[in-house]
Amino acid sequence: MDLISENLPALFAGFRLTLQLAVYSGVLALALGLLLAAMRVSPLRPLSLFSAAYVELLRNTPLTLVFFFMYFVAPQFGVPAFSFLWVAVIALSLYTAAFVSEALRSGINSVGVGQAEAARAIGLTFGQTLSQVILPQAVRSVIPPLINVLIALTKNTSVAAGFGLVELIGVGRRLSTANAGDPWVWVGVAVFYLLITIPAGLLAGVVERKVAFAR
Amino acid sequence: MAHDLDEPTAEPGRGPLTTPLVVLTKVNKHFGALHVLQDIDLTVHRGEVVVVIGPSGSGKSTLCRAINRLETIDSGTITLDGVPLPAEGKALARLRADVGMVFQSFNLFAHKTVLENVMLGPVKAKGVKRAEAKERAVELLERVGVANQAAKLPAQLSGGQQQRVAIARALAMKPKVMLFDEPTSALDPEMINEVLDVMTDLAREGMTMVVVTHEMGFARRAAHRVVFMDAGQIVEEADPETFFTNPRSDRAKDFLSKILTH
Ligand SMILES: Nc1ncnc2c1ncn2[C@@H]1O[C@H](COP(=O)(O)OP(=O)(O)OP(=O)(O)O)[C@@H](O)[C@H]1O
Ligand SMILES: [Mg+2]
Chain W
24 MDLISENLPA LFAGFRLTLQ LAVYSGVLAL ALGLLLAAMR VSPLRPLSLF
74 SAAYVELLRN TPLTLVFFFM YFVAPQFGVP AFSFLWVAVI ALSLYTAAFV
124 SEALRSGINS VGVGQAEAAR AIGLTFGQTL SQVILPQAVR SVIPPLINVL
174 IALTKNTSVA AGFGLVELIG VGRRLSTANA GDPWVWVGVA VFYLLITIPA
224 GLLAGVVERK VAFAR
Chain H
47 MAHDLDEPTA EPGRGPLTTP LVVLTKVNKH FGALHVLQDI DLTVHRGEVV
97 VVIGPSGSGK STLCRAINRL ETIDSGTITL DGVPLPAEGK ALARLRADVG
147 MVFQSFNLFA HKTVLENVML GPVKAKGVKR AEAKERAVEL LERVGVANQA
197 AKLPAQLSGG QQQRVAIARA LAMKPKVMLF DEPTSALDPE MINEVLDVMT
247 DLAREGMTMV VVTHEMGFAR RAAHRVVFMD AGQIVEEADP ETFFTNPRSD
297 RAKDFLSKIL TH
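One line per chain: the protein sequences are W and H, in this order. Take the position in the first sequence, starting the count at 1, then add 23; the result is the number in my numbering. Take the position in the second sequence, starting the count at 1, then add 46; the result is the number in my numbering.
Hints listed in this document are in silico derivations from the structure and should not be mistaken for laboratory results. In this text the structure is predicted, and so the values were computed from the model without any measurement. Honestly, I wouldn't trust all of these hints.
What the hints assert, rightly or not - Okay, the calculated beta carbon distance ranges per label pair: (1) H/Ala133 to W/Leu88: 39 to 49 Å; (2) H/Thr64 to W/Glu79: 33 to 43 Å; (3) W/Leu67 to H/Glu283: 19 to 29 Å.
Unchecked claim - Derived DSS-like pairs: lysine-lysine, alpha-carbon spacing no greater than 27 Å straight-line: (4) H/Lys158 to H/Lys172; (5) W/Lys233 to H/Lys172; (6) H/Lys136 to H/Lys158; (7) H/Lys198 to H/Lys180; (8) H/Lys158 to H/Lys180; (9) H/Lys136 to W/Lys233.
Said to hold, decoys possible - Pulled from the structure, derived: some chain W residues nowhere near chain H, Cβ distances all over 12 Å: (10) Arg82; (11) Ala139; (12) Ala141; (13) Leu217; (14) Gly224.
Glycine included, each C-beta is placed from N, C-alpha and C at the ideal position.
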């Protein structure tokens, strides 16, 4: 126990980095995932094929491999070397966007086709149909799976520890080595993860109730 | 109430039907191996009310949906007011604004109030100011007799009320033609007439209408022409009286004997 309080500053630093990774990647993944989902349901076949291929590829690739690719392979193709943080953020975003897209797509599919047809029939464009009619109705069924994706993202940030970033797991490793493998280190690390993931779960419940509507 | 029409007909409701508005020429459509529309030729004139009738699976819905391109066609042409249906994008959206559609299952936007349902099209697709769109929406809701439900969500309304809202929603776009695909088939019997009455009024005011329905009373009262479809073909066309009392084809006779006996 003392070990945790003695090392709070280090744990906080790791926590900050983990939070940064999660928030930056979360925002980017949501934006990219929304774009992918819109492409997937668009009437333009090349777009929907691209989106489908992207999602299948990324969903079926280990995250570590995406990190390897971003760190070691992409620079060889002229992709500029960003800071470690941003390379990790991009890897996490590209990977998570595939899951965001799938969550959004199943939400979109849960809204009956009649809704989209009625929207198109009154002259709304594809974008308006999506933003005015489909997404507002999909939101409710999409929030819980989307939060799950973000919780998984938070946990996935730990992969960055293997790539030189001293986030929570990185801090845990250092403290563990310095303190002869004291298990309390990992209890401390776990608590900090829960500090992110439990409120996220609670938020899911609140938002879900807020946007509820009668069908 | 002629304000609901884009252009007046010579004599609302029963004027001479001389201006082609919707023209289908040699339209073909397949669903896989199934040939759902076979060389369909059909002209609907401005101010004309055409009732489409026929057995289940004969292609009536597909025909309706092809007219506002909710269904693509394989060959042939469809023109609206002389203009061929655009393929995709903004031009198609604009065309659809000119074609009102009423579905069997109402399809009101479940997350929006009745009033918002009617306002959405004018505001988003036509850029009408909200205040103006609201005023007109209230007017239309009054006209179809559901103005007192304006603040409710669709799920809180009866089927008949929902379908009348759906008609108001389509009218809000000031369409050139209205398509109805079995608008009363999903309704409890006691609600059918409130919807048919609204449709009959529309027909009297000179709205151009294509109506898929088995309601013979409505066809007799409001239609200029009945089109009988079977197995993807237009088998017979006639004025309602002639069609119902003296059908020419065996297929129409057979069909009528079935719907008359139940
Ligand atoms: N999206 C689709 N994919 C494949 N087949 C379809 C599709 N839509 C309709 N069909 C088939 O095409 C045929 C014609 O369908 P359509 O809905 O136009 O008939 P209908 O005359 O409206 O029948 P009903 O009176 O039952 O509404 C039917 O056999 C139907 O099963
Ligand atoms: Mg049908």
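Going down the list of hints, with the structure as the test:
Checking the proposed 39 to 49 Å range against alanine 133 of chain H and leucine 88 of chain W shows it holds: the Cβ atoms sit about 41 Å from each other. Look at threonine 64 of chain H against glutamate 79 of chain W: about 57 Å separates their beta carbons, and that is not inside 33 to 43 Å. For leucine 67 of chain W and glutamate 283 of chain H, the Cβ-Cβ distance of about 38 Å falls outside the hinted range of 19 to 29 Å, so the restraint is violated. Under the criterion of a C-alpha separation no larger than 27 Å, the hint pairing lysine 158 of chain H with lysine 172 of chain H is consistent with the structure, at around 19 Å.
For the hint linking lysine 233 of chain W to lysine 172 of chain H, the alpha-carbon distance of about 31 Å lies beyond 27 Å, and the restraint is violated. Proximity of lysine 136 of chain H to lysine 158 of chain H is assessed by CA-CA distance (about 24 Å); at most 27 Å being required, the pair is judged to hold. Between lysine 198 of chain H and lysine 180 of chain H, the direct Cα distance comes to roughly 15 Å. Compliance with the 27 Å bound is thereby established for this hinted pair. Restraint check: the Cα-Cα separation between lysine 158 of chain H and lysine 180 of chain H comes to about 14 Å, which is no more than 27 Å; the hinted pair holds.
Among the hinted pairs, lysine 136 of chain H with lysine 233 of chain W is inconsistent with the structure: their alpha-carbon atoms are about 34 Å apart, more than 27 Å. With a cut of 12 Å on Cβ distances, arginine 82 of chain W stays outside the contact zone with chain H, its closest approach being about 29 Å. For alanine 139 of chain W, the shortest C-beta to C-beta distance to chain H comes to about 9 Å, within the 12 Å cut-off, and the non-interface label is violated. The non-interface label for alanine 141 of chain W is inconsistent with chain H: the shortest C-beta to C-beta separation is roughly 4 Å, within 12 Å.
With a closest Cβ-Cβ approach of about 34 Å to chain H, leucine 217 of chain W is found to remain outside the 12 Å limit, as its non-interface label requires. With a minimum CB-CB distance of about 25 Å to chain H, glycine 224 of chain W clears the 12 Å threshold, and the non-interface call stands.
Comparing the model with each numbered hint stated earlier shows that hints 2, 3, 5, 9, 11 and 12 do not hold.
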